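One point on numbering: in my numbering, the residue at position 248 of the sequence shown is 248, and numbering is uninterrupted.
In case anyone wonders, no lab produced these hints; they're calculated from the structure. Don't take every hint at face value.
What the hints assert, rightly or not - Below, simulated DSSO-like cross-link-like pairs (lysine-lysine); rule was C-alpha separation at most 27 Å, straight line:
#1 Lys68 with Lys212
#2 Lys67 with Lys132
#3 Lys165 with Lys67
#4 Lys43 with Lys33
#5 Lys165 with Lys132
#6 Lys43 with Lys218
#7 Lys133 with Lys43
#8 Lys165 with Lys133
#9 Lys132 with Lys68
#10 Lys33 with Lys132
#11 Lys33 with Lys67
#12 Lys68 with Lys33
#13 Lys49 with Lys67
#14 Lys81 with Lys132
#15 Lys68 with Lys43
#16 Lys81 with Lys33
#17 Lys49 with Lys81
#18 Lys218 with Lys165
#19 Lys81 with Lys67
#20 Lys43 with Lys67
#21 Lys49 with Lys132
#22 Lys49 with Lys33
#23 Lys81 with Lys43
#24 Lys133 with Lys67
#25 Lys218 with Lys33
#26 Lys165 with Lys212
#27 Lys81 with Lys133
#28 Lys68 with Lys81
#29 Lys218 with Lys49
To be verified - Quick list of the computed label-pair ranges, beta carbon to beta carbon:
#30 Asp53 with Glu6: 38 to 48 Å
#31 Gly177 with Asn7: 36 to 46 Å
#32 Pro99 with Asn54: 43 to 53 Å
#33 Leu121 with Glu231: 24 to 34 Å
#34 Pro129 with Thr97: 36 to 46 Å
#35 Ser170 with Asn7: 23 to 33 Å
#36 Ser2 with Asp53: 17 to 27 Å
#37 Ala174 with Glu42: 31 to 41 Å
Since we're looking at a predicted model, the values are computed, not measured. Using N, Cα and C, we set each Cβ at its ideal position, and we do this for glycine too.
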Amino acid sequence: MSNRLENKIAIVVGGTSGIGKAITELYAAEGAKVVMTGRREEKGREIEKAINDNGGECLFIQADSTKKEDLENVVNTTIEKYGRIDILNNNAGILATTPLDEIDPTEEFNHMFNVNVTSYLTMIQLVTPYMKKQGAGSIINTASVGARQPMPFNISYSTSKAAVKHMTESMAVALAGDNIRVNSLAPGLTRSEMVEEGSDFEKAVLPSVPMKRTGSAKEIANGSLFLASDEASYVSGHMLVLDGALTAFSC
1 MSNRLENKIA IVVGGTSGIG KAITELYAAE GAKVVMTGRR EEKGREIEKA
51 INDNGGECLF IQADSTKKED LENVVNTTIE KYGRIDILNN NAGILATTPL
101 DEIDPTEEFN HMFNVNVTSY LTMIQLVTPY MKKQGAGSII NTASVGARQP
151 MPFNISYSTS KAAVKHMTES MAVALAGDNI RVNSLAPGLT RSEMVEEGSD
201 FEKAVLPSVP MKRTGSAKEI ANGSLFLASD EASYVSGHML VLDGALTAFS
251 C
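Full structure from sequences and hints, please.
Have a look at this one:
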């Protein structure tokens, strides 16, 4: 590895599986000190130990991203331990494929937004005061190709990710004067716990992917690494699409 994030302090929210796990591992391998959150303590401790045993630095904090007090604890603990926050990666997320006439507005829809959108806003509000004092920061939000391409089979999910895209762009403008970059990732069909090999979701989407394969979490993490690094110092307000040409073909 080339230590592209050497001595950077990074928080990864939702880092115990899939894309978040891959981002946590890659950030640590590239020299960052990573504070990683998730709801599953056993899994989080396992990842934390593996990274630390391999010469990296990782601290796991159990947290529910929909609870502000949990997120406040993550930020406060990070500042107490390291004194700064250079990178925030908002990756907590849930997926639903409920048909339109079965969506419960007060249950599924609101919960989807609480996890996929509101938790991102909360974390950004918590970290930006420190980034402003530092004079720099990089924030990466996980959106989706669903933010760009209408998906009638997962309306709640794609609507929430469209909100992430627009929120990212708005915040990029709002924070540009503070030298805080805000970008998003738009993964296409990606193998994870939410999208298992051979699942109905994968079968439905895969025929539309021009590259004719499912992406890996590591491939998405590579995009996050670029946006987090100083190599992307003039990139802000951008949604980086990693989808095997899915949306280029569909639009």
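For each hint, the structure was consulted:
Note on Lys68 and Lys212: the hinted pairing is violated, with a Cα-Cα distance of about 40 Å set against a maximum of 27 Å. At roughly 24 Å between alpha-carbon atoms, Lys67 and Lys132 fall within 27 Å of each other, so this suggested pair holds. With a C-alpha separation of about 22 Å, the suggested pairing of Lys165 with Lys67 holds against the 27 Å cut-off. This hinted pair checks out: Lys43 and Lys33 have alpha carbons roughly 19 Å apart, not beyond 27 Å.
Of the supplied pair hints, the one linking Lys165 and Lys132 holds, its CA atoms being roughly 22 Å apart against a limit of 27 Å. For a cut-off of 27 Å, the pair hint linking Lys43 to Lys218 stands: about 18 Å separates their Cα positions. For the proposed pair Lys133 and Lys43, the alpha carbon gap of about 34 Å is over 27 Å, so the pair is violated. Between the alpha carbons of Lys165 and Lys133 the distance comes to roughly 26 Å, so the proposed pair stays at or under 27 Å and holds.
The straight-line distance between the Cα atoms of Lys132 and Lys68 is roughly 21 Å, inside the 27 Å bound, and the hint therefore holds. About 20 Å separates the Cα atoms of Lys33 and Lys132, which keeps this hinted pair within 27 Å; it holds. Restraint check: the Cα-Cα separation between Lys33 and Lys67 comes to about 24 Å, which is no more than 27 Å; the hinted pair holds. Under the criterion of a C-alpha separation no larger than 27 Å, the hint pairing Lys68 with Lys33 is consistent with the structure, at around 23 Å.
Our distance criterion of 27 Å between C-alpha atoms is met by Lys49 and Lys67, whose separation comes to about 26 Å. Proposed proximity of Lys81 and Lys132 is supported: the alpha carbons are some 19 Å apart, at most 27 Å. Only pairs whose Cα atoms come within 27 Å are accepted, and Lys68 paired with Lys43 is accepted, the gap being roughly 22 Å. Only pairs whose Cα atoms come within 27 Å are accepted, and Lys81 paired with Lys33 is accepted, the gap being roughly 11 Å.
Proposed proximity of Lys49 and Lys81 is supported: the alpha carbons are some 18 Å apart, at most 27 Å. Taken as a hint, the Lys218 and Lys165 pair is honoured in the structure, with Cα atoms around 22 Å apart against an allowance of 27 Å. Proposed proximity of Lys81 and Lys67 is supported: the alpha carbons are some 22 Å apart, at most 27 Å. Between Lys43 and Lys67 the CA atoms are separated by roughly 20 Å; this keeps the pair inside 27 Å, and the hint holds.
At most 27 Å may separate the alpha-carbon atoms for a hinted pair to count; Lys49 and Lys132 exceed this at roughly 32 Å. A threshold of 27 Å between alpha carbons decides the hint, and for Lys49 with Lys33 the separation of about 14 Å falls inside it, so the pair holds. For the given pair, Lys81 sits about 22 Å from Lys43 by alpha-carbon distance, which is consistent with the 27 Å threshold. This hinted pair checks out: Lys133 and Lys67 have alpha carbons roughly 25 Å apart, not beyond 27 Å.
Simply put, Lys218 and Lys33 have alpha-carbon atoms about 19 Å apart, close enough for the 27 Å limit, and the pair holds. Restraint check for Lys165 and Lys212: the C-alpha separation of about 26 Å stays at or below 27 Å, so the hint holds. For the hint pairing Lys81 with Lys133, the CA-to-CA distance comes to about 17 Å; that is within 27 Å, so the pair holds. Proximity of Lys68 to Lys81 is assessed by CA-CA distance (about 20 Å); at most 27 Å being required, the pair is judged to hold.
Proximity of Lys218 to Lys49 is assessed by CA-CA distance (about 19 Å); at most 27 Å being required, the pair is judged to hold. At roughly 20 Å, the beta carbons of Asp53 and Glu6 sit outside the given window of 38 to 48 Å. In this structure the supplied range 36 to 46 Å is violated for Gly177 paired with Asn7, their Cβ-Cβ distance being about 25 Å. Between Pro99 and Asn54 the CB atoms are about 44 Å apart, so this pair conforms to the stated range of 43 to 53 Å.
A hinted range of 24 to 34 Å for the beta carbons of Leu121 and Glu231 is consistent with their spacing of about 27 Å. Our hint of 36 to 46 Å for Pro129 and Thr97 holds, since their Cβ atoms are close to 38 Å apart. Distance hint check: the CB atoms of Ser170 and Asn7 are about 30 Å apart, consistent with the given range 23 to 33 Å. Roughly 22 Å separates the CB atoms of Ser2 and Asp53, a value that falls within the hinted 17 to 27 Å.
Between Ala174 and Glu42 the Cβ separation comes to about 39 Å, which falls inside the hinted range of 31 to 41 Å.
Of the numbered hints given earlier, the model fails hints 1, 7, 21, 30 and 31; all others are met.
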